[in-house]
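**Student:** Quick note, the sequences are listed as chains A and B, same order.
Numbering of the first sequence is given in the numbering used here, commencing with residue 138 and proceeding in unit increments.
Numbering of the second sequence is given in the numbering used here, commencing with residue 98 and proceeding in unit increments.
None of these hints come from the bench; they were simulated from the model.
Some hints could be false.
To be verified - Here are a few chain B residues that face chain A, going by a calculated C-beta distance under 8 Å:
| no. | residue |
| --- | --- |
| 1 | Ala-151 |
| 2 | Leu-224 |
| 3 | Tyr-227 |
| 4 | Phe-393 |
Unchecked claim - Below, a list of computed lysine to any residue pairs in the SDA-like style, where the Cα atoms sit at most 25 Å apart:
| no. | chain 1 | residue 1 | chain 2 | residue 2 |
| --- | --- | --- | --- | --- |
| 5 | B | Lys-208 | A | Pro-328 |
| 6 | B | Lys-175 | A | Gly-306 |
| 7 | B | Lys-208 | A | Phe-326 |
| 8 | A | Lys-194 | A | Gly-347 |
| 9 | B | Lys-208 | A | Leu-327 |
Built from N, CA and C at the ideal position, the CB exists for glycine as well.
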Amino acid sequence: MPFGPRLPLIPALLLALAMFAVPAALMVQQALFDPGLTAVHFERFFTRSVYLGVLQKTLVVSAVVASLCLLVGYPMALYIVHQPPRRRPLLLFLVLVPMWMSILVRTYAWMVVLGREGIVNGALQWLGLTAEPVTLLFNSYAVHLAMAQILLPVMVVTCYAGMTEIDPGLVRAARVMGAGPLRAFRHVFLPLSLEGAVTGWSVIFILSMGFFIVPALIGGRRDTLLGNLIVGQVAQTNWGFAAAMAIVLLAATVALLGLVRLVAGRFIHSPREARP
Amino acid sequence: MSEASAPVRFENVTRRFGQVVALEDFSLAVAPGEFVTLLGPSGSGKTTALNILAGFDHADAGAVFIGERAVGGLPPEKRNVGMVFQNFALFPHMSVFDNVAFPLRMRGVDKARRARRVTEALAMVRLADYAERRPNALSGGQRQRVALARAVVAEPPVLLMDECLSALDLKLREELQQEIRRLHRVLGTTVVFVTHDQGEALSLSDRVAVMESGRVRQVDTPGALYDRPASRFVADFVGRTNIVEAPAGAPGTFADIDLALDDRRVRAVSLRPEKLRRTPRDGDRRFEARVEDVTFLGAAVESRLVTRSGAVLRLSETRAGTLPPPERGQTVEIGYAPGDAVPLFD
Numbered sequence: 138m139p140f141g142p143r144l145p146l147i148p149a150l151l152l153a154l155a156m157f158a159v160p161a162a163l164m165v166q167q168a169l170f171d172p173g174l175t176a177v178h179f180e181r182f183f184t185r186s187v188y189l190g191v192l193q194k195t196l197v198v199s200a201v202v203a204s205l206c207l208l209v210g211y212p213m214a215l216y217i218v219h220q221p222p223r224r225r226p227l228l229l230f231l232v233l234v235p236m237w238m239s240i241l242v243r244t245y246a247w248m249v250v251l252g253r254e255g256i257v258n259g260a261l262q263w264l265g266l267t268a269e270p271v272t273l274l275f276n277s278y279a280v281h282l283a284m285a286q287i288l289l290p291v292m293v294v295t296c297y298a299g300m301t302e303i304d305p306g307l308v309r310a311a312r313v314m315g316a317g318p319l320r321a322f323r324h325v326f327l328p329l330s331l332e333g334a335v336t337g338w339s340v341i342f343i344l345s346m347g348f349f350i351v352p353a354l355i356g357g358r359r360d361t362l363l364g365n366l367i368v369g370q371v372a373q374t375n376w377g378f379a380a381a382m383a384i385v386l387l388a389a390t391v392a393l394l395g396l397v398r399l400v401a402g403r404f405i406h407s408p409r410e411a412r413p
Numbered sequence: 098m099s100e101a102s103a104p105v106r107f108e109n110v111t112r113r114f115g116q117v118v119a120l121e122d123f124s125l126a127v128a129p130g131e132f133v134t135l136l137g138p139s140g141s142g143k144t145t146a147l148n149i150l151a152g153f154d155h156a157d158a159g160a161v162f163i164g165e166r167a168v169g170g171l172p173p174e175k176r177n178v179g180m181v182f183q184n185f186a187l188f189p190h191m192s193v194f195d196n197v198a199f200p201l202r203m204r205g206v207d208k209a210r211r212a213r214r215v216t217e218a219l220a221m222v223r224l225a226d227y228a229e230r231r232p233n234a235l236s237g238g239q240r241q242r243v244a245l246a247r248a249v250v251a252e253p254p255v256l257l258m259d260e261c262l263s264a265l266d267l268k269l270r271e272e273l274q275q276e277i278r279r280l281h282r283v284l285g286t287t288v289v290f291v292t293h294d295q296g297e298a299l300s301l302s303d304r305v306a307v308m309e310s311g312r313v314r315q316v317d318t319p320g321a322l323y324d325r326p327a328s329r330f331v332a333d334f335v336g337r338t339n340i341v342e343a344p345a346g347a348p349g350t351f352a353d354i355d356l357a358l359d360d361r362r363v364r365a366v367s368l369r370p371e372k373l374r375r376t377p378r379d380g381d382r383r384f385e386a387r388v389e390d391v392t393f394l395g396a397a398v399e400s401r402l403v404t405r406s407g408a409v410l411r412l413s414e415t416r417a418g419t420l421p422p423p424e425r426g427q428t429v430e431i432g433y434a435p436g437d438a439v440p441l442f443d
């Protein structure tokens, strides 16, 4: 029975077929046929600077959000991994708690925090730093802040998982061989933890590329991302154009991640490489 | 350049982990160039002592000296020691060359000299052709030889080895033991070696410190340790032995094996299996015993003997002897030189 060991995969295979392969094929078909084979949707996208601008904006916002998460999340993971093993589950739990709430709820929460009557404005006025409420919402800063906050747990957990793979004995070995704490970190721990960091960055980049709720609710007019355009076209039942944009989004994501792999591939090493 | 070797001294070092006493009033002086092994079962404190010496841990009381300097307040990188770890601890993201060059890089040795000394160190462990490989492309024995080269490349005056052979199989272990002895002869470095393997300790060391429950039980040369164990624990832990108990009411008397000692404090004697013989000589103590089991061990044959009162003794004979091996169920006369019965007072 050649399929014997793979039999348990059949439900997953059916699910992937029905929920991913078929819709993806339909989407490609809708983008390319109208009703005959046509490139009109792609032509429309690539000849209008407004669409290209949104694509560029989406790539930049995603990269910036992923980088912000890296800057905040890597040190957090570093802190947790150096805590006594008994304390770590609690800290990880605290990192993950926000993920229990939906993105929608957390986005509305940011509206409450940053709004004219919000906590930040209240604090600023109470401190006497401003007389009038400051506009904190409906701009790029708010979008970046909220997206980074929403996605941060993913980065912490991914970095942490990579760091736990690193044998603490390696850092001790570096120390006894003459490296101070900083140099031991730079020459041994950091290179071995990069794999987790790059993975975390990539995952957050992928998730960010598809964001549309956050920019729609707390972004300004110029914070429209590709996801918002697609939602808009779907609402107008412009299926062909929406499908074409979805394909562009996918292609752009894959292309950029490929580039990241190519560049980072030279620097990252699996900490599991030299296990005896 | 640093001196070839430095003395190491522990002075009344105590270390506790909560309620557990890992080291208790631990004192040991290692002469420059000496090879000293800390030998003990797990939990005896040997690794704690080494960690305190390396700077990974600190003493709660007492002092540690490398050379004439008290190193208690120094971080590991300032102690100028080399170290070999049980799991090799090679950096997986660096080539063999970069691994071995690491201590030199951290000490600011320039590139040309670094290359020369790495090449020398790799040649010394016979891995000159492996410089560009990654550690994961090496076998266990090769990895540990790289780790050895890395530990000695900066010519530290003191070399620490933490159970560094126990991850290897028997053949490799013996090969690496020879390698370590050769390196020690060539470099003249002071070595502090930690192991739970008494055979390894005996074959490598100038002196062995036997540890138990955070204390040193005996420090001696391998020969003295084997022939004159100071306590029941040492007699039993180092090599194989027979411990014959004196009856509770009559210390010093061992009717079973025809031995009576004047010293009334003697609670037991240790008799090595190879000191017993089936061909008693003049002046030997003699006793009769029944052969219960015979085990073939290659170069030797070991027999389990039961004395009149039921005590079990092991007899080990090389197969070069003139007598055929004993047979199960047979009663044999056993002799031994009275001086080979080592009195134990605990």
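**Student:** Now tell me if each hint is right for this structure.
**Tutor:** Status of each hint after checking the structure:
no. : hint                  : result
1   : Ala-151               : holds, 5 Å
2   : Leu-224               : violated, 16 Å
3   : Tyr-227               : violated, 14 Å
4   : Phe-393               : violated, 34 Å
5   : Lys-208/B / Pro-328/A : holds, 22 Å
6   : Lys-175/B / Gly-306/A : holds, 18 Å
7   : Lys-208/B / Phe-326/A : holds, 23 Å
8   : Lys-194/A / Gly-347/A : holds, 12 Å
9   : Lys-208/B / Leu-327/A : holds, 23 Å
In summary, the structure is inconsistent with hints 2, 3 and 4 from the numbered list given earlier, while agreeing with the others.
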